[in-house]
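Chemist: Given chain H, put chain Z in place with the hints provided.
There are 2 protein chains.
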Amino acid sequence: MNIVLLSGGSGKRLWPLSNDVRSKQFIKFFKTEDGQYESMLQRMYRGIRQVSEDACITVATSKTQLSEIKNQLGDNVGLSVEPARRDTFPAIALSVAYLHDIHHVGEEESVVICPVDPYVEEDYFKALLSLSERAKGSDANLCLLGMEPTYPSAKYGYIIPESSDEISNVVEFKEKPDEKTAEEYIKKGALWNGGVFAFRLGYMLKKAHELISFKDYDDLYAKYDEVTKISFDYAVAEKEDRIEVMRFHGIWKDLGTWNTLSESVPDPVMGKGIMDDVCKNVHIFNEMNVPILAMGLTDVVITASPEGILVSDKHHSSYIKPYVDDIVGQVMFAEKSWGSFRVLNVESESMTILVTLNPGHSMNYHAHDRRDEVWVVVEGTGETLVDGMRQEVNPGDVITMQAGCRHTVFAKTTLKIVEVQLGREISVDDKRKFEIE
Amino acid sequence: MNIVLLSGGSGKRLWPLSNDVRSKQFIKFFKTEDGQYESMLQRMYRGIRQVSEDACITVATSKTQLSEIKNQLGDNVGLSVEPARRDTFPAIALSVAYLHDIHHVGEEESVVICPVDPYVEEDYFKALLSLSERAKGSDANLCLLGMEPTYPSAKYGYIIPESSDEISNVVEFKEKPDEKTAEEYIKKGALWNGGVFAFRLGYMLKKAHELISFKDYDDLYAKYDEVTKISFDYAVAEKEDRIEVMRFHGIWKDLGTWNTLSESVPDPVMGKGIMDDVCKNVHIFNEMNVPILAMGLTDVVITASPEGILVSDKHHSSYIKPYVDDIVGQVMFAEKSWGSFRVLNVESESMTILVTLNPGHSMNYHAHDRRDEVWVVVEGTGETLVDGMRQEVNPGDVITMQAGCRHTVFAKTTLKIVEVQLGREISVDDKRKFEIE
Chain H
1 MNIVLLSGGS GKRLWPLSND VRSKQFIKFF KTEDGQYESM LQRMYRGIRQ
51 VSEDACITVA TSKTQLSEIK NQLGDNVGLS VEPARRDTFP AIALSVAYLH
101 DIHHVGEEES VVICPVDPYV EEDYFKALLS LSERAKGSDA NLCLLGMEPT
151 YPSAKYGYII PESSDEISNV VEFKEKPDEK TAEEYIKKGA LWNGGVFAFR
201 LGYMLKKAHE LISFKDYDDL YAKYDEVTKI SFDYAVAEKE DRIEVMRFHG
251 IWKDLGTWNT LSESVPDPVM GKGIMDDVCK NVHIFNEMNV PILAMGLTDV
301 VITASPEGIL VSDKHHSSYI KPYVDDIVGQ VMFAEKSWGS FRVLNVESES
351 MTILVTLNPG HSMNYHAHDR RDEVWVVVEG TGETLVDGMR QEVNPGDVIT
401 MQAGCRHTVF AKTTLKIVEV QLGREISVDD KRKFEIE
Chain Z
438 MNIVLLSGGS GKRLWPLSND VRSKQFIKFF KTEDGQYESM LQRMYRGIRQ
488 VSEDACITVA TSKTQLSEIK NQLGDNVGLS VEPARRDTFP AIALSVAYLH
538 DIHHVGEEES VVICPVDPYV EEDYFKALLS LSERAKGSDA NLCLLGMEPT
588 YPSAKYGYII PESSDEISNV VEFKEKPDEK TAEEYIKKGA LWNGGVFAFR
638 LGYMLKKAHE LISFKDYDDL YAKYDEVTKI SFDYAVAEKE DRIEVMRFHG
688 IWKDLGTWNT LSESVPDPVM GKGIMDDVCK NVHIFNEMNV PILAMGLTDV
738 VITASPEGIL VSDKHHSSYI KPYVDDIVGQ VMFAEKSWGS FRVLNVESES
788 MTILVTLNPG HSMNYHAHDR RDEVWVVVEG TGETLVDGMR QEVNPGDVIT
838 MQAGCRHTVF AKTTLKIVEV QLGREISVDD KRKFEIE
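Chains H and Z, in that order, are what the protein sequence lines are.
Going by the numbering used here, the letters in the first sequence line up with residues 1 to 437, in that order.
Going by the numbering used here, the letters in the second sequence line up with residues 438 to 874, in that order.
Hints listed in this document are in silico derivations from the structure and should not be mistaken for laboratory results.
Here are the computed lysine-lysine pairs in the DSBU-like style, where the Cα-Cα straight-line distance is at most 35 Å:
(1) K253(H) x K321(H)
(2) K321(H) x K465(Z)
(3) K12(H) x K709(Z)
(4) K272(H) x K468(Z)
(5) K709(Z) x K280(H)
(6) K176(H) x K223(H)
(7) K70(H) x K155(H)
(8) K31(H) x K70(H)
Which stretches of chain H does chain Z cover? Using the computed rule of at least three CB atoms under 8 Å from a CB of chain Z, they are:
(9) 273 to 282
(10) 418 to 426
A few chain Z residues that face chain H, going by a derived Cβ cut-off under 7 Å, partial list only:
(11) V727
(12) I729
(13) M732
(14) I746
(15) L747
(16) S749
(17) Y760
(18) L781
(19) S787
(20) D809
(21) E816
(22) V857
This structure is a prediction, so every number in the text was calculated from the model and none was measured.
For glycine and all other residues, C-beta sits at the position ideal for the given N, C-alpha and C.
In isolation and in its complexed conformation, chain H is listed as follows (with noise of 0.2 Å):
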């Protein structure tokens, strides 16, 4: 099978845990058997590798997303990077194309679109099987995964079918809408259009050509910026005859809010929390080092983080958005490629992070031109690289660094160090990268 993951999204609407660099299928919500955490994009790939070992999966997404989609899932994914938003129709050409030439799929292969974030079980990845099958041989050009509704939603599309058989072919699509109209939908057995679909590599590829003058991916690549802007909707299903709709019976859920995602969620408790026995319908997730106590709740989501505390009723919790716009605050905590990064304190001309390295990784060889840097190694052995000096490392081991020094780490056990910045102008922005010499 070969599969692409769509991972896009801000993450507001699940502030604090959730912020500009981290979406919400990279929160780890979900407790596996062993007891440890992973995220949806985490669930969704582990699903995908249960039913399919040797799937080809990649995830098509934007240079924002890198970092943390590396750190999550390792060097076990493809990886076809948006360099600027084009919306649906350029990144599923670009993935294609990148299928095509970089992992040399075949034209009369099926490749199966599907966004990272829905919740979902084990039924739902033999689905995605059963699609992408049936792709292969159909007389259709694209066959929809059509989810049953289980209520007349108006944040769906729907997907009008010629019968109710397991297959058949789709007769329109419908924009979502009002809970009435919806209502009807379903009672001419309509389905919802979750964005779930595949197709022959060779259909979509040629559809590309049709569309976007390019050569081949790398020259998509190179010329991403100027592609014009269109959806996959109006660009290809709108116009296409032959489509048909698999229908899937299963839990498919979007977990968009602090709601919805709460539900899903059996453990009441992520995290250092603890409840008295008068909460009722209480969560807690918490991902500070500090334990959170409820007290006498009912219907209530508390969620901590490095950015924020949220406290709300949890029908509440879907109006969230207009308020995290307002509170514009710096990234507090990320994951990346290298492993991770933690604010601890600002001060007016001073910010102290915490950085942990994986063990093998290095963060990028670089400068700062307007602050100087302190290290202080707390645990781990590595090897530091400043101004060309190679140095090893351990816990207590202190390096001072003037604006201009070039540095890096590399981290031979997990590595932590507590960074002091200082200087009057700290940014991210404030960053030059080079070569190792």
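Modeler: Chain Z only, in chain H's frame:
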């Protein structure tokens, strides 16, 4: 006026803003006219100074609160420090001996005793002044302030007066009753016993010498550990025939729970906090640097500090104590006589803290046996003393100290230092103090 403020309490009921080293009277809840926040202690002190500019104010307290009191009141108060806890009578005896021997208060002068933590307004301080005046010339040996009850509380002891006159003899004292009995007391004109009373110094000194064998303040202080525990009520009040009570009609409240406290704090948000329009009767007390967003809540208090986060229905907040007993934690922040500290990060073999020294102050000259330390100065100017070597320090300067190394720092301006502690057994007990060489 000579006044002794009793400052005690462990502060679990207002967790996480109070902790083992910070009792509720030290939390800065109250906004002053100039927009600053002040604590109950500071509010009480300011109120007394307003009615009696040259009042001799003494705080009777224990060693653990000494740093915080000096931090909040500076050197403007006398301190009668109990070397150990020996119940209320020895504590009052010690403070009376302190006033007599150290401040040379005459035996005919009156002394007012009052707890530091009720919520009161201006008329209360005037009443204290009247009580002080009354005690000087009265026939009675004890003059109490009796609070007009506003409801049949089971939390207070009651004073039964002879008449409903503004000043009247006391018939008897009643222990905390149940609510029904309290109602009967109130019908008879009973008053709440708020533990506020005045006497002539000579009277109490005589009582002290009758019950405790000591020469003077220094002698009592030296043998304080061996003094028998006995309450003031048992030792004096219940045996004294000549007691009178002065009625107090104004506001006098015990702000012992988040519920009662939030009723007396007009501003619903302290620190960084945002509420939606749906929130009703919600209070946010936030001592962290990140914002709290509250949505769709009713009758809820949210408090956050580096110790933890509490989200509680206001009425349930009075049941907090057993939960806090279970949260056995490191003290994550504290005000000291020289400034304050805040824990930024804890790892298995390191701890990072932010130390803030007030201008002109320095910590003790000290050494640790089982940890190394690194200081990174992030703000201000000062002078370090490390193993006898003095050195001026400025932002960006790094000082490394091996275990055993003696060190301190003197702040010329407000001085902020990121301190990284490194070792397998990091403990507050690992500290030896030295005289400066």
